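Undergrad: The primary structure of each chain is shown beneath.
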Amino acid sequence: MRDALTLRGNHALLTRANPLAKFSGVVLITVALALSIDWVSASVALAFELLLFPLAGLTLALLWQRGWPLILAAAMGGWSTAILAPDHGRILLDVGVWSISEGSLQLGLGFLLRGLAIALPAVLLMSCTDPTDLADALAQQAKLPHRFVLGTLAAMRLVGLMAEEWQTIGMARRARGVGSHGSPVQRLKATLGQSFGLMVQAVRRASRLAVTMEARGFGGAQRTWARKATFSRLDAWVVLGGLLISGAAVAAAMGAGTWNMVFLGQQ
Amino acid sequence: MTSVDDVRPAAVTARGWGWRHAGRARPAVTGLDLDIRPGERVLLLGPSGAGKSTLLHALAGVLGDSTAAAASADASADAEDSDETGSLLIDGAPPRARRGRAGLMQQDPETQVVLSRLGDDVAFGAENLSVPPADIWRRVGEALDDVGLGGLPLQHPTSALSGGQKQRLALAGILAMRPGLLLLDEPTANLDPAGVLEVRDAVGRCLDKTGATLVVVEHRVAVWKDLVDRIVVLQPGSATDSAVLLDGPPDLVLEQARDMLIAAGVWVPGHVPATRARRGGTGLEGDAGAGQLLLAAEELAVSRERPRRTGLLRGFRTVPPVPVQSGITAQVRAGQALTITGPNGSGKSTFALTLAGLLAPVAGAVSATTELSAGAGIDPYKWRAQQLIARIGTVFQEPEHQFVTGRVLDELMFGPRQLGRGEERVDELLERLRLRELVDANPYTLSGGEKRRLSVATVLAAHPQVLVLDEPTFGQDANTWAELASFLSELLDAGTAVVSVTHDAEFSEVLGGAELKLGAPQPGVPGLPGRTNPGVAAP
Numbered sequence: 001m002r003d004a005l006t007l008r009g010n011h012a013l014l015t016r017a018n019p020l021a022k023f024s025g026v027v028l029i030t031v032a033l034a035l036s037i038d039w040v041s042a043s044v045a046l047a048f049e050l051l052l053f054p055l056a057g058l059t060l061a062l063l064w065q066r067g068w069p070l071i072l073a074a075a076m077g078g079w080s081t082a083i084l085a086p087d088h089g090r091i092l093l094d095v096g097v098w099s100i101s102e103g104s105l106q107l108g109l110g111f112l113l114r115g116l117a118i119a120l121p122a123v124l125l126m127s128c129t130d131p132t133d134l135a136d137a138l139a140q141q142a143k144l145p146h147r148f149v150l151g152t153l154a155a156m157r158l159v160g161l162m163a164e165e166w167q168t169i170g171m172a173r174r175a176r177g178v179g180s181h182g183s184p185v186q187r188l189k190a191t192l193g194q195s196f197g198l199m200v201q202a203v204r205r206a207s208r209l210a211v212t213m214e215a216r217g218f219g220g221a222q223r224t225w226a227r228k229a230t231f232s233r234l235d236a237w238v239v240l241g242g243l244l245i246s247g248a249a250v251a252a253a254m255g256a257g258t259w260n261m262v263f264l265g266q267q
Numbered sequence: 001m002t003s004v005d006d007v008r009p010a011a012v013t014a015r016g017w018g019w020r021h022a023g024r025a026r027p028a029v030t031g032l033d034l035d036i037r038p039g040e041r042v043l044l045l046g047p048s049g050a051g052k053s054t055l056l057h058a059l060a061g062v063l064g065d066s067t068a069a070a071a072s073a074d075a076s077a078d079a080e081d082s083d084e085t086g087s088l089l090i091d092g093a094p095p096r097a098r099r100g101r102a103g104l105m106q107q108d109p110e111t112q113v114v115l116s117r118l119g120d121d122v123a124f125g126a127e128n129l130s131v132p133p134a135d136i137w138r139r140v141g142e143a144l145d146d147v148g149l150g151g152l153p154l155q156h157p158t159s160a161l162s163g164g165q166k167q168r169l170a171l172a173g174i175l176a177m178r179p180g181l182l183l184l185d186e187p188t189a190n191l192d193p194a195g196v197l198e199v200r201d202a203v204g205r206c207l208d209k210t211g212a213t214l215v216v217v218e219h220r221v222a223v224w225k226d227l228v229d230r231i232v233v234l235q236p237g238s239a240t241d242s243a244v245l246l247d248g249p250p251d252l253v254l255e256q257a258r259d260m261l262i263a264a265g266v267w268v269p270g271h272v273p274a275t276r277a278r279r280g281g282t283g284l285e286g287d288a289g290a291g292q293l294l295l296a297a298e299e300l301a302v303s304r305e306r307p308r309r310t311g312l313l314r315g316f317r318t319v320p321p322v323p324v325q326s327g328i329t330a331q332v333r334a335g336q337a338l339t340i341t342g343p344n345g346s347g348k349s350t351f352a353l354t355l356a357g358l359l360a361p362v363a364g365a366v367s368a369t370t371e372l373s374a375g376a377g378i379d380p381y382k383w384r385a386q387q388l389i390a391r392i393g394t395v396f397q398e399p400e401h402q403f404v405t406g407r408v409l410d411e412l413m414f415g416p417r418q419l420g421r422g423e424e425r426v427d428e429l430l431e432r433l434r435l436r437e438l439v440d441a442n443p444y445t446l447s448g449g450e451k452r453r454l455s456v457a458t459v460l461a462a463h464p465q466v467l468v469l470d471e472p473t474f475g476q477d478a479n480t481w482a483e484l485a486s487f488l489s490e491l492l493d494a495g496t497a498v499v500s501v502t503h504d505a506e507f508s509e510v511l512g513g514a515e516l517k518l519g520a521p522q523p524g525v526p527g528l529p530g531r532t533n534p535g536v537a538a539p
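Line by line, the protein sequences are chains S and U.
Be aware that the first sequence starts at 1, since it is given in the working numbering, and climbs by one per residue.
Be aware that the second sequence starts at 1, since it is given in the working numbering, and climbs by one per residue.
What the hints contain is simulated information worked out from the structure, not anything from laboratory work.
In this text the structure is predicted, and so the values were computed from the model without any measurement.
Incorrect hints may appear among the rest.
Here are the simulated DSBU-like cross-link-like pairs (lysine-lysine), alpha carbons at most 30 Å apart as the crow flies [as the list claims (entries may be wrong)]:
| hint | chain 1 | residue 1 | chain 2 | residue 2 |
| --- | --- | --- | --- | --- |
| 1 | S | 189 | U | 209 |
| 2 | U | 209 | U | 225 |
| 3 | U | 451 | U | 517 |
| 4 | U | 382 | S | 189 |
| 5 | U | 225 | U | 382 |
| 6 | U | 382 | U | 517 |
Take these sequences, add in the hints, and give me the full structure.
TA: Here it is, written out as structure tokens:
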């Protein structure tokens, strides 16, 4: 639970890339895909992204573990588009108000692929980026205020602790006779009580952590950085990779004639 | 291992110093006059409320915020603002102006760690003091060596450290700042005996090397007595008396103030607080009425993790967690104590929580006899919360986790109200655990000892036949300790079964009964019994 945010021994190539470079690459792909709902651009991007998996140390099992809500959301989006979009072309399935035609199926498939192709880079980015490195890059290179960035980073470590604390408080309250049985109202009350208990603990921990940080000299206007965030040749490749994937996706869709600008409305 | 020459021991001077926290009527400290010479090692003692922690926080420069201090300096002091009187100086300047001259270690190991990688955490303080990066990594290496963590890689996750290791890591982070003054606020109160010695020895080594000044607050005098060369006893401030009650070499002060310190709940070396003796010895034999089997664990495997569901590719199967300990067999009998001991990570608390019906067993079974279950079924984990509290009461290590109301009296009435019976027992508990004065107080505002007494009382208000306690004596002063031990010995004689997880040998000696020793953790070997010897009577 507590290690959910760390890389857990991932030594893949992309873990060494600068977080800002990786982020730029992701943005490039996302923007290109956001422009058009079509299955060609989405599937080209998706194919490239799957090829990047080993570079990020990601496997299909890990992807499902971390990204299943996104995958399910993409699937739901695709399905509902397929049955709800205006029909054109041959009708494939007709159940009363719901119908799937060739045209709506194509649109739904485009939606599904696009959802996946947009979600995957984010999962890729998370799985090969250490929060500490991200904070270093944001503060040193993106010039965000270091007090804010480091404060957030330290607080994130407490989030894992809070997950453990939630379980303990749940047990401690059961030992006081507050059960998770009963009517929905009783259950809601029990959950609210547990949340309050957790909040009290969170505030206590946070203020103690703040004292620890202040006692270590945190909060001054100036500081040095033991870990210097730098760009390397690898980062140029990462950005170039993002550019290539988005370019290939757009070119393929235009070549196949499926390019379908969202903002220009549907034909 | 050179360049410790840049540590300059700091001097502390207090003249008529006092501090009142924002929103409090009474000051935490008044009229403190104290001189600590560079390189001196001082143990700070005194009853709770004497302002020991306040003094340490002030020296660390983390007391109040600077804007409030500035506001109260020019305007008339408002009760809402904190208030400082007199002067408190490090090397002749206010602590806030001496950032990095003092390093503070607090009690809770979890909040002494700032970052998630070992090396980064040690570097944090030095970075904030704008030390050049090349020097920082040299200091990090030295500091980790000095606290005995040099064998771990810099990338090591800080979440994987034990409590004692976390406190040593905190010490390394402080050392990397090269402070002239080390401030330790009950640094070992939350640690097991091995962790206590680990931290104490690391502090000793670092002081020998750097010659820094030390001020440590700690109840357990025996741990620090040989490391310090001066003991200062504080007393709660008043207008007429000085804040310093006694001041001198350890042996002299301990001799002069022995009775006063014992009365204040300080753990004075060579003194075990008097407790009530158990009737009929350990309660193991002889007593005809006692000894009824109430609860049994058989070949139990325990874990805090819940069963996990696999992903799509493996067909969403349910995978049981890897147990931290397995093959535990134990029996809980009326009027008998069962003490669970073992090294850190051996699953003592996890076992106790499983026995108490709060965690589901990974393998094996916990079963209640009809004597205990009284119609509620054999498996305590399946009981409803109300059924559970009337049968098995569990006192958690952190009392605050169990508070469910905003008032001490409501807190005590909570169990009986849930059950619709037993409110008359509350009065007796109020009296017995000295909570009557506090009935209208908010549980969260009580002192550590009061919280502990309240958490025991609230669980007992539901009149369980089995009482399970997780490290009940951790961080407690000698008075609370003695009260708790005496009270539990009384309960045992009255027929309650008491199961306690503890490192405290003196405590388990008072309770008597059997000891269950759990062996070192054996993860990944399900079905292989842990090294357990249930039912072996403690001497």
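Undergrad: Check whether the Cα positions of residue 189 (chain S) and residue 209 (chain U) lie no farther apart than 30 Å.
TA: violated (56 Å)
Undergrad: Would the hint linking residue 382 (chain U) and residue 189 (chain S) be met if the CA-CA limit is 30 Å?
TA: Between residue 382 (chain U) and residue 189 (chain S) the Cα gap is close to 21 Å, so the pair holds against 30 Å.
Undergrad: Under the criterion that the straight-line Cα-Cα distance not exceed 30 Å, is the pair residue 209 (chain U), residue 225 (chain U) satisfied?
TA: holds (19 Å)
Undergrad: Mind checking the alpha carbons of residue 382 (chain U) and residue 517 (chain U) for me, to see if they're no more than 30 Å apart?
TA: Status holds; Cα separation ~27 Å.
Undergrad: Keeping to a limit of 30 Å between CA atoms, is the pair of residue 225 (chain U) and residue 382 (chain U) held or broken?
TA: violated (50 Å)
Undergrad: Checking one constraint from the list: CA of residue 451 (chain U) to CA of residue 517 (chain U), max 30 Å. Satisfied?
TA: Within the cut-off at roughly 29 Å; holds.
In terms of the numbered hints stated before, the structure departs from hints 1 and 5, listed from lowest to highest.
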